[in-house]
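Protein chains: 2
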Amino acid sequence: MGTPSEDNPKTAAEIRKAIRSGAHTGHTAGLAPGYLQCNLAILPEAYALDFLRFCQRNPKPCPVVGVSETGDPMLPTLGHDIDIRTDVPKYRVFRDGALAEEVTDITDLWREDLVTVALGCSFTFENALMRAGIPVRHVEQGRNVPMYRSNIALQPAGRFGGSMVITMRPIPEDRVEDAHKISARYPQAHGAPIATGDPGALGVASLDAPDYGDPVDIRAGEVPVYWACGVTPQNVLLQAKLPLCITHSPGHMLIADVAEDAETTILSTR
Amino acid sequence: MGTPSEDNPKTAAEIRKAIRSGAHTGHTAGLAPGYLQCNLAILPEAYALDFLRFCQRNPKPCPVVGVSETGDPMLPTLGHDIDIRTDVPKYRVFRDGALAEEVTDITDLWREDLVTVALGCSFTFENALMRAGIPVRHVEQGRNVPMYRSNIALQPAGRFGGSMVITMRPIPEDRVEDAHKISARYPQAHGAPIATGDPGALGVASLDAPDYGDPVDIRAGEVPVYWACGVTPQNVLLQAKLPLCITHSPGHMLIADVAEDAETTILSTR
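Chains as they are written, first to last, in the numbering used here: chain A, 1 to 270; chain B, 1 to 270.
By construction, these hints were calculated from the structure, which means they are not laboratory data. The beta-carbon is built from N, C-alpha and C at its ideal position, and this holds for glycine as well. Be a bit skeptical, because a hint or two may be false.
To be verified - Over the 10 Å line for every Cβ pair with chain A, so calculated as not near, a few chain B residues:
| id | residue |
| --- | --- |
| 1 | Glu69 |
| 2 | Met74 |
| 3 | Arg92 |
| 4 | Asp105 |
| 5 | Gln141 |
| 6 | Arg149 |
| 7 | Leu154 |
| 8 | Asp178 |
| 9 | Ile266 |
Said to hold, decoys possible - Covered stretches of chain A, going by a simulated chain B footprint (3 or more residues, C-beta under 8 Å):
| id | region |
| --- | --- |
| 10 | 43–52 |
| 11 | 60–68 |
| 12 | 87–94 |
| 13 | 182–193 |
What the hints assert, rightly or not - Quick list of simulated restraints, FRET-style, between CB atoms:
| id | chain 1 | residue 1 | chain 2 | residue 2 | range |
| --- | --- | --- | --- | --- | --- |
| 14 | A | Ala262 | B | Gly34 | 56 to 64 Å |
| 15 | B | Pro33 | A | Glu14 | 48 to 56 Å |
| 16 | A | Ala262 | B | Pro172 | 45 to 53 Å |
| 17 | B | Leu99 | A | Asp174 | 57 to 65 Å |
Work out the full structure, taking the sequences as your base and the hints as a guide.
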């Protein structure tokens, strides 16, 4: 995760301001501790109902934490003055299922028919694991979490479907139950693990060769534990070959004003 | 809740079969213990995206547990062979914001543009409270839960908005914290209470005069505890004055094959 230096802004709003001004274009891991960070999917309204149905049917990889009005770049239920066109450090723009560009601002791309869907992310439960003294290896090793394409079929909706991407964290055998209980408290952040142990049963040939991210060390007495991964919806969107779709760049998340341990992810605007 | 007699069918599927055949047209309280029961909203696709946005923004009164394909009466992620046109004991049909009729079958009303949204219901956490030895007064007294229109503003979406309907259950002072913890485990069934104590702060003039349901006794040493209520979406749909909208009749719920304490409400169809 990395620790923010003393010069770094501390609140979500301060960091979003730095991002909007162009002063911060890096990843967001470890920034604004305690605040909810979000995966992003921005897509034309014509596909939004099917995408929300898809997320409802696959809540572990795709926990919806916020949805914008059509054409409105603001996300008032996730935070004050969040403008999704400027407040994320880096975006990926996909056209017809191919990465078209990576940009730090999507103001020029905004359209009246776009809908933003914000999804929870694993930082939330990783912070809770670490607070409970459970090691999170990729953080210890300063790496990206290892991610694997699994053989777990997603529940389809419209043109959205495929299989689940999963993350793996090695957990000491005597803490696996704790890790399960702790992460289960965060359904808005992938919830409890989906499996433990043998990667082969999940269609993963080798834990040393992740499809995304970096391999991590598994030490004596540790068990590989698997969670649903927020890269799943990115993959699904890519395969759906939408004419236009915008996501955050991996690790470059939207930081909301919502507390990461809040019971719901909705701030009142009334 | 009432206890099913020995003659009653036991599983969700058996009860749905009895409902489909017309043999059971009564309420579903206490039937198929352990299975998830659902509030229903069936509406034209033109309003479905806004309604799902509304539910996402108001997860405590409107926890979405299932969404159908457009025009498809089946709900495979909630159970085997659920046909929403026949498998609910009683429906309310609303036209332009007014109750048009109450029926036991909506096959003749089905249209290619209808979308079914199933929402969690309070039976789930009430069962958990009773298992923990916490009294649920309206069940003890054989009454309907008292419901009140509160002054708590909902987060609007499109034409959907208004204020929250809440339920009240008197809880012994020394069990209030337990009741909070237990119900918080069921975000798919309204989750933790939204308030405790003074009804006036919620815009409720008198607990003895509920807007829906029946008043219940509050005994010495008990505190009124308030939860978000599944009547909220019915009210919101009514006020939205859709040309057509179908709900279940209060207490006459859809019974799913999903376990009421499942981590997610989605059955795999793959």
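Hint-by-hint comparison with the structure:
1. Glu69: 8 Å, violated
2. Met74: Per Cβ check, B:Met74 is outside 10 Å of chain A; nearest 13 Å; holds.
3. Arg92: 24 Å, holds
4. Asp105: 26 Å, holds
5. Gln141: 30 Å, holds
6. Arg149: Holds, since 16 Å exceeds 10 Å.
7. Leu154: 8 Å, violated
8. Asp178: 17 Å, holds
9. Ile266: Check fails; 6 Å does not lie beyond 10 Å.
10. 43–52: n = 4 at 8 Å, threshold three: holds.
11. 60–68: holds (count 4)
12. 87–94: violated (count 0)
13. 182–193: holds (count 4)
14. A:Ala262 x B:Gly34: 56 to 64 Å: 30 Å, violated
15. B:Pro33 x A:Glu14: 48 to 56 Å: With Cβ atoms ~51 Å apart, the hint holds.
16. A:Ala262 x B:Pro172: 45 to 53 Å: 28 Å, violated
17. B:Leu99 x A:Asp174: 57 to 65 Å: The hinted range 57 to 65 Å holds for B:Leu99 and A:Asp174, with Cβ atoms some 59 Å apart.
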